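Given the coordinates of chain P, work out where chain H should sit on it, guided by the hints.
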Amino acid sequence: MNCLKILKAADVAEGMELTGPTRLMTRERMRWYVDAQPTVALDTGRIERQEPTIHDDDAYARSQGLPGIIADGMISTNWILGLLIERFGETAACEGRLRTKYVKPIYEDDAIVARARVTAAEPDGDRLRCTLDVWCSNGADQQVTVGEATVFVPR
Amino acid sequence: MATGRYVSDLEEGDVLGPVEYTISRFVIREYAHAVELHQDFFQHRDGQIAPPTMVHLDKLRLYRHACPAGTGPHARVHVEYDATVHAPVPADTRLVVSGHVSGRYVKRGREYVHMDIEMKEAASQRPLVSYRDTVILSYSGESSKKADAA
Numbered sequence: 001m002n003c004l005k006i007l008k009a010a011d012v013a014e015g016m017e018l019t020g021p022t023r024l025m026t027r028e029r030m031r032w033y034v035d036a037q038p039t040v041a042l043d044t045g046r047i048e049r050q051e052p053t054i055h056d057d058d059a060y061a062r063s064q065g066l067p068g069i070i071a072d073g074m075i076s077t078n079w080i081l082g083l084l085i086e087r088f089g090e091t092a093a094c095e096g097r098l099r100t101k102y103v104k105p106i107y108e109d110d111a112i113v114a115r116a117r118v119t120a121a122e123p124d125g126d127r128l129r130c131t132l133d134v135w136c137s138n139g140a141d142q143q144v145t146v147g148e149a150t151v152f153v154p155r
Numbered sequence: 001m002a003t004g005r006y007v008s009d010l011e012e013g014d015v016l017g018p019v020e021y022t023i024s025r026f027v028i029r030e031y032a033h034a035v036e037l038h039q040d041f042f043q044h045r046d047g048q049i050a051p052p053t054m055v056h057l058d059k060l061r062l063y064r065h066a067c068p069a070g071t072g073p074h075a076r077v078h079v080e081y082d083a084t085v086h087a088p089v090p091a092d093t094r095l096v097v098s099g100h101v102s103g104r105y106v107k108r109g110r111e112y113v114h115m116d117i118e119m120k121e122a123a124s125q126r127p128l129v130s131y132r133d134t135v136i137l138s139y140s141g142e143s144s145k146k147a148d149a150a
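Same order as they appear, the protein sequences are chains P and H. If you're matching positions, the first sequence starts at 1 in the numbering used here and goes up one per residue. If you're matching positions, the second sequence starts at 1 in the numbering used here and goes up one per residue.
It is possible that some hints are incorrect.
Stated by the list, open to error - If the Cβ cut is set under 10 Å, some of the chain P residues that face chain H in the computed set are:
1. 33
2. 35
3. 45
4. 74
5. 85
6. 89
7. 93
8. 100
9. 101
10. 125
11. 129
12. 147
Claimed, not checked - One-sided and incomplete, this derived list gives chain H residues near chain P with beta-carbon spacing under 7 Å:
13. 20
14. 24
15. 26
16. 27
17. 30
18. 31
19. 34
20. 35
21. 41
22. 44
23. 52
24. 53
25. 79
26. 84
27. 85
28. 88
Said to hold, decoys possible - With a straight-line Cα cutoff of 25 Å, these simulated SDA-like cross-link-like pairs (lysine to any residue) come out:
29. P/8 <-> P/129
30. H/120 <-> P/5
31. P/5 <-> P/104
32. P/5 <-> H/88
33. P/104 <-> H/36
34. H/120 <-> P/118
35. H/120 <-> P/155
36. P/5 <-> P/150
37. P/104 <-> H/136
38. H/107 <-> H/13
39. P/104 <-> H/78
40. P/101 <-> P/125
Just so you know, these hints were derived from the structure itself, not from any lab. All values reported here derive from a predicted model rather than from experimental measurement. Glycine included, C-beta positions come from ideal geometry on N, C-alpha and C.
If we strip away everything but chain P, and leave its shape as in the complex, we get (with noise of 0.2 Å):
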């Protein structure tokens, strides 16, 4: 976790750009994934584990004609989504919208950093409603997951 200030509405402008760490998509990454789905579904108090899947096994992704496995979506939908927090705070945990579309897969050990930028920042009560467009890119600088966001900052 970095140490980064929370941004107030006064902070905020049309063009900022906010920037996440760089993460590789490790093998174990992916799995963390593919574990957390059974044991959410089964709330037994125990890690659970579920059948190979694209995600976590060599040779079912390649029988399914990949060239190995692939991230799980979710995985950088959940990074942006932590990009959000770190910067705007809770309230991007409680109020907003994120879309988020997989435009190329992400294979074991890219480098993948999440962005995103401010595109309008309105008011709207006693809020500022903050428009971003978001993405996740690789170590090749291609963006592999693209979408936008909406934020309500405080006022």
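What follows is chain H alone, placed relative to chain P:
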């Protein structure tokens, strides 16, 4: 009406659920750890809330409820997440989720399925998260009977 069998049988207009469950502190922590959301309000603080992205797992919950035979002959690939958060999702809250297949169509040779999911607080029916999930039913063949995690 194509519920009751495979996910890949779902048709536009199908309704999935409602399904009720309690979102526990344990599953919120596990999910947040898995996606590296380490903020106190997801982990251990009084007033713990869930990451709103957990609504995506309600799709799988609804699939299991409405399509008990599993994924079917077509594995699926998740292509788009689109969630509007109306209010925070507090830990230990009884939730009710329902789904509606709002579209199924072919575009450039790929078969897309949209499902609209509503997550509400069960007691009050207060909307918490509205979610549109988009998947492509892209694969076919015997080997793809094992479920993709999309």
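- Message: Which constraints among the numbered hints does this structure fail? Numbers only, ascending.
- Response: Hints 10, 11, 13, 22, 30, 31, 34, 35 and 40 not satisfied by this model.
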